[in-house]
Amino acid sequence: YCAMHAYKMYQKQLEQRNCLDFAHLQKCIYNLLLDPAKACYLTKGIRYVLVDEYQDTNYIQERILTLLASATSSNNLFVVGDEDQALYRFRGATVRNILEFEQTFPGCRKISLMANYRSHHKIIQHCNKWISSIDWSNPQGLPFRTAKEAHAASDKYVDYPAVCTMQHK
Numbered sequence: 035y036c037a038m039h040a041y042k043m044y045q046k047q048l049e050q051r052n053c054l055d056f057a058h059l060q061k062c063i064y065n066l067l068l069d070p071a072k073a074c075y076l077t078k079g080i081r082y083v084l085v086d087e088y089q090d091t092n093y094i095q096e097r098i099l100t101l102l103a104s105a106t107s108s109n110n111l112f113v114v115g116d117e118d119q120a121l122y123r124f125r126g127a128t129v130r131n132i133l134e135f136e137q138t139f140p141g142c143r144k145i146s147l148m149a150n151y152r153s154h155h156k157i158i159q160h161c162n163k164w165i166s167s168i169d170w171s172n173p174q175g176l177p178f179r180t181a182k183e184a185h186a187a188s189d190k191y192v193d194y195p196a197v198c199t200m201q202h203k
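Quick note on our numbering: the sequence shown kicks off at 35 and runs consecutively.
Derived from the structure by calculation, the hints contain no laboratory data.
Every residue, glycine too, gets a C-beta built ideally from N, C-alpha and C.
Be careful, since some hints might not be right.
With beta-carbon atoms standing in for the labels, derived distance ranges [unchecked claim]:
hint, residue 1, residue 2, range
1, D86, S171, 22 to 30 angstroms
2, N172, V114, 33 to 41 angstroms
3, D69, F178, 33 to 41 angstroms
4, Q119, C53, 27 to 35 angstroms
5, S166, Q50, 30 to 38 angstroms
6, I157, P70, 45 to 53 angstroms
7, S188, L59, 40 to 48 angstroms
8, N172, E87, 20 to 28 angstroms
9, K72, S188, 26 to 34 angstroms
10, N162, C53, 41 to 49 angstroms
Distance condition first, Cα-Cα at most 30 angstroms in a straight line; then the derived DSBU-like pairs of lysine-lysine [claimed, not checked]:
hint, residue 1, residue 2
11, K156, K144
12, K61, K46
13, K61, K42
Generate the whole structure from the sequences, applying the supplied hints.
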């Protein structure tokens, strides 16, 4: 009862202030895109839909992106993401969106970017070893992770000292 009462008060405050929170904004956009006349107006001129961090999208965001992309001449939806970097489950994101992307959008082209430009090769090796030691299978369907192995972007490894000093002139 307490949570329901608090939510109703929250809704009332939003309405009184003529405000929307992020979840309600998403719902409004989704509802607008479901109306063919409004969707046509809103999506006029869209040629491409590009999404970064797709692993952090939630269900309604995926639906919005799908509706936006379906308005393009050839369903131009380009997503970038990595299920190993999924962080936002606490706010409703689902890693299933990226794991099931190829089933949701059959015929899509997948490009794997496995070069890591940020980490030292020893860190990448340890991470690959650790992550491959886990069983990512899923008895109910698609696995929880795509099998992959990252590598350092350069073969020219430099072991930097733990402390660097700069000389000032």
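- prompt: When you check the alpha-carbon spacing of K61 and K42, does it fall within 30 angstroms?
  reply: Distance ~17 angstroms between K61 and K42 Cα, so the pair holds.
- prompt: Keeping to a limit of 30 angstroms between CA atoms, is the pair of K156 and K144 held or broken?
  reply: 27 angstroms, holds
Consistency of beta-carbon spacing, F178 to D69, with hint 33 to 41 angstroms: 37 angstroms, holds
task: May I ask you to test the hint 26 to 34 angstroms on the CB atoms belonging to K72 and S188?
output: 50 angstroms, violated
CB-CB spacing for L59 and S188 relative to the 40 to 48 angstroms hint: 42 angstroms Cβ-Cβ, so the 40 to 48 angstroms window holds.
query: For the pair supplied as a hint, K61 and K46, is the alpha-carbon distance within the 30 angstroms limit?
result: 17 angstroms, holds
- prompt: Is 27 to 35 angstroms right for how far apart the beta carbons of Q119 and C53 are?
  reply: Distance hint for Q119, C53 holds at roughly 31 angstroms.
41 to 49 angstroms as the expected CB spacing between C53 and N162, which holds or is violated: 46 angstroms, holds
message: Within 30 to 38 angstroms: is that where the Cβ-Cβ distance between S166 and Q50 falls?
response: 54 angstroms, violated
Whether the CB-CB distance between I157 and P70 falls inside 45 to 53 angstroms: Holds: the Cβ-Cβ distance is about 51 angstroms, inside 45 to 53 angstroms.
- prompt: So does N172 sit 20 to 28 angstroms from E87, Cβ to Cβ?
  reply: 23 angstroms, holds
- request: Just tell me: holds or violated, for the beta carbon distance of D86 and S171 against 22 to 30 angstroms?
  value: 28 angstroms, holds
The structure fails hints 2, 5 and 9 (numbered hints given earlier, in ascending order).
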